[in-house]
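*Asks:* Chain A is already provided as a structure; the job is to place chain B on it using the hints.
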Amino acid sequence: MIAHAIFFYTFSIIAVVSAIMVTASKNTVHSVFFLILDFISISCLFIMIGAEFLGMIMLIVYVGAVAVLFLFVVMMLNVAQQKNQWFAGQATSKHIPVGLIISTLIFFEIIIVIGGWKYKPEIFDINNSLANASVSNTHSLGQILYTDYIHVFQISGMILLVAMIGAIVLTFRQRSGVKKQSYIKQISRERAEGVEVLEVQSNKGVKIDD
Amino acid sequence: MEYLSIVFHEVYKILFLLVPVLVSVAMIVWLDRRVWAFVQKRQGPNVVGPFGLLQSLADALKYIFKEIIIPSSSNKVIFILAPIVTMTLALIAWAVIPFSATQVLADINVGILYLFAVSSLGVYGIIMGGWASNSKYPFLGAIRSAAQMVSYEVSIGVIIINVLLCVGSLNLNDIVIAQQNMWFVIPLFPMFVIFFISALAETNRPPFDLPEAEAELVAGYQTEYSGMMYAMFWLGEYANILLMCAMGAILFLGGWMSPIDVYPFTLVPGAIWLILKILLLFILFALVKAIVPRYRYDQLMRLGWKVFLPLSLIWVVLTASYLFYFNLLPVN
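Line by line, the protein sequences give chains A and B.
Per the working numbering, the first sequence starts with residue 196, numbered consecutively.
Per the working numbering, the second sequence starts with residue 232, numbered consecutively.
One chain only, chain B, in its complex shape:
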């Protein structure tokens, strides 16, 4: 009985996290389209509900009532599993995101490694979808995205090492608390820029949306998907984008910490600060989508392996030497 009550309590906590995440994913899709439209001097979705806020809900309804078509030559089990994997991976990563010093579902020792691991697993949804569709466009899209995501993961990993050198712990709350005096965006600003661009590539956002480049590959790995399965890919993609923004906010922008440590600001709960920082990063994501043309594939690979990887490695050496020389290494 006691055990059951623990289980119910945990389920309640998980729902309390997941439902807001899913709702905010729907809202963020609206925000993305709105920002995109404003940059191009259009109105964007503004018909359904106030300011068009319910547009995503209407879209979701449309997807639910559409027929799910499974191609007869596809590998059915994997074809159905792919969107489920994408969405599950995008959602389970939220378990370790700290919304304040105490509001975190799982305060594990290796939080940042968990985030990194889950985001690196995200490529499977895409590969599975692309391969199981048994068709040329999805397959090409899947191969492209696998190469792209693996390449940019490397530089994200090295950037995380930079931050960890300054923190001395893999716990996400420790990372946030280590930024009490100064956000890491100031000393590690070049790393923040590289992280931001790598996050764009990791989530297949424009200008790195080659896996689904509509001019060349129709819709990449999603070509054969329809109805709710397509919507799940979509939700997973946006949940991943939000997750990357949250990761950036925690690693560089002080997570749930208020920007100024004085009285009226410290009253605001940490969750609100975190959400504001995530929103700031997301609006940057949306702006980039609107103003930058798509990269060519060889440029994309060159940027990942020949520019970002050496730069972030050099920065690791610099950070480590600086911390060592001035005796600032976080040794306990």
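With the rest of the complex left out, here is chain A:
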């Protein structure tokens, strides 16, 4: 039990500290690395409460894919421009009040949810199969997701698909004058059209037309 507590506090302290460091560190790439550390420690916490499937999916989706894309974008930014962020002591930033309002809202939302959980637990008792300890939580998740919540699940998938297509359509532009390599053309080239054997005359050379 003590070992459990030690691990829990280690992971949660790392999670909180790295979450703070995400906003506090001056280098954007460093903040992405702290974000990754945060994701990893959160997924360790998931595994500790027995939600191993969620923990692994967190690792695969957030750390393995999303954060890589973050890092990709952030690495390309011109880091020299952003040395003077508000944390470095600039008072002109207009983002602080907005951020404060949003974070208070989120804080109260969490308080309401946790309060409801504490005082009226029967509201959250949606499906008993989650509490069934005999099946692994991957199985129970699948049993709920693909039966009771199949429509919600499919709709969320559709929304993601629409978002993806939308992003592609928004950023796609047809550029003219770009030389494209058609691999079918490249591999279906015959020797006859690629190579020509010429009799080269002395002091005259060959005229190459292209």
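These aren't lab readings, by the way, just hints derived from the structure by calculation.
Some hints could be false.
Incomplete in silico selection of chain B near chain A, CB under 10 Å [to be verified]: (1) Tyr234; (2) Ser236; (3) Leu336; (4) Asn340; (5) Tyr345; (6) Ala348; (7) Val349; (8) Ser350; (9) Tyr355; (10) Ala378; (11) Gly388; (12) Ile392; (13) Cys397; (14) Ser400; (15) Glu447.
Quick list of the computed label-pair ranges, beta carbon to beta carbon [to be verified]: (16) Val212/A to Val493/B: 44 to 50 Å; (17) Leu554/B to Glu385/A: 42 to 48 Å; (18) Ile301/A to Arg533/B: 21 to 27 Å.
With a straight-line Cα cutoff of 35 Å, these simulated DSBU-like cross-link-like pairs (lysine-lysine) come out [said to hold, decoys possible]: (19) Lys537/B to Lys307/B; (20) Lys375/A to Lys307/B; (21) Lys221/A to Lys367/B; (22) Lys367/B to Lys374/A; (23) Lys293/B to Lys307/B; (24) Lys375/A to Lys293/B.
Don't be surprised by glycine CBs; every beta carbon is placed ideally from N, CA and C.
*Replies:* For chain B alone, kept in the frame of chain A given last:
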């Protein structure tokens, strides 16, 4: 006191797994160079020790005594962390590999997801190394490899779904036991081929070694590394290759199961069968390195997104419909 003894027992088990893995990584480097040489009608390393077996050891000694140079304009913490991350990730994945029904360090429920997660984290070592070097070649190499590894991970994930449809469990031992009657390489042969090629791309092996294409990028993300740090990248890379071979052996070649379920074969311990299967896949890896020229970058991306991803997705639909129609779905 009791707690301490448990910890010591676990440490002993971990060492018993890690030391053979590290030794076999050294041996596999030798094997790789040897196979490569034989395909090209050369001798390969054959001077140090019998058949040149100790060549890797000599190389390691050389690396240890070389100076570690840290570029002055690099981001030092991340620069030093990068090879450590690569090597650690390559080694921790071995915790879930089952060497027999009972010989497994951590027999977790979501073993295959763990393997997939750890192999998808492998890209961080490369990105960190490339970015922290603060130099053009490593940066270009890191960007290339990040795009490449993320692309091919997708198709590996879909291939894993194919296997999971036939098994009905994420546990690696269950996956092996489900192949008792027939290895998955037979019904899922196209997936095995795609998995093999994706594994080549995922581990940055030729013909997909664009991140370190020496003709264009010097050595890619490793350009600024020297001495033991370079060797750690190298070890991590080969440990990852071995891991991918182990994953292929478990998913498609029946893991620790003997090929024929009759008397003299079943006497051989499972670990030996697994090692033989890993070796078979690795020799294929080495052969591919020797005989195939390097891909162009746009061909690589096209292959990943336009060929492998649709093919493996179609195969998921096919597998699922087949299993559903013939009522073979593993429902418990």
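*Asks:* For the pair we were handed, lysine 221/A and lysine 367/B, check the Cα-Cα distance against 35 Å.
*Replies:* Given pair lysine 221/A, lysine 367/B holds - Cα atoms ~23 Å apart, limit 35 Å.
*Asks:* Would the hint on valine 349/B be counted as holding, given a Cβ-Cβ threshold of 10 Å to chain A?
*Replies:* Interface hint status for valine 349/B: holds (8 Å vs cutoff 10 Å).
*Asks:* Classify the hint on alanine 378/B as holds or violated, based on whether any CB of chain A lies nearer than 10 Å to its CB.
*Replies:* holds, 8 Å
*Asks:* Next item in the hint list is tyrosine 355/B. Is there a CB on chain A closer than 10 Å to its CB?
*Replies:* Because about 7 Å separates tyrosine 355/B from the closest Cβ in chain A, which is inside the 10 Å limit, the hint holds.
*Asks:* Under the criterion of a CB-CB separation shorter than 10 Å, is alanine 348/B in contact with chain A as hinted?
*Replies:* Nearest chain A Cβ about 4 Å off; hint holds.
*Asks:* For valine 212/A and valine 493/B, compare the CB-CB distance with the range 44 to 50 Å and indicate the outcome.
*Replies:* With Cβ atoms ~58 Å apart, the hint is violated.
*Asks:* Can tyrosine 345/B be said to touch chain A, with a Cβ gap under 10 Å?
*Replies:* holds, 6 Å
*Asks:* With chain A as the partner, please determine if tyrosine 234/B meets the hint condition of a C-beta pair closer than 10 Å.
*Replies:* The hint holds - tyrosine 234/B has a Cβ within 10 Å of chain A, the shortest such distance being about 7 Å.
*Asks:* Cysteine 397/B was flagged as interface toward chain A. Is the shortest Cβ-Cβ separation under 10 Å?
*Replies:* The hint is violated - cysteine 397/B has no Cβ within 10 Å of chain A, the shortest such distance being about 16 Å.
*Asks:* Are the Cα atoms of lysine 375/A and lysine 307/B separated by 35 Å or less?
*Replies:* violated, 41 Å
*Asks:* Sort out whether lysine 307/B lies within 35 Å of lysine 537/B, counting only the CA atoms.
*Replies:* Judged against 35 Å, a Cα distance of about 39 Å means the pair is violated.
*Asks:* Can the hint on serine 236/B be confirmed by a CB-to-CB distance to chain A that is less than 10 Å?
*Replies:* violated, 14 Å
Hint compliance for this structure: hints 2, 3, 12, 13, 15, 16, 18, 19, 20, 24 are broken, all remaining hints hold.
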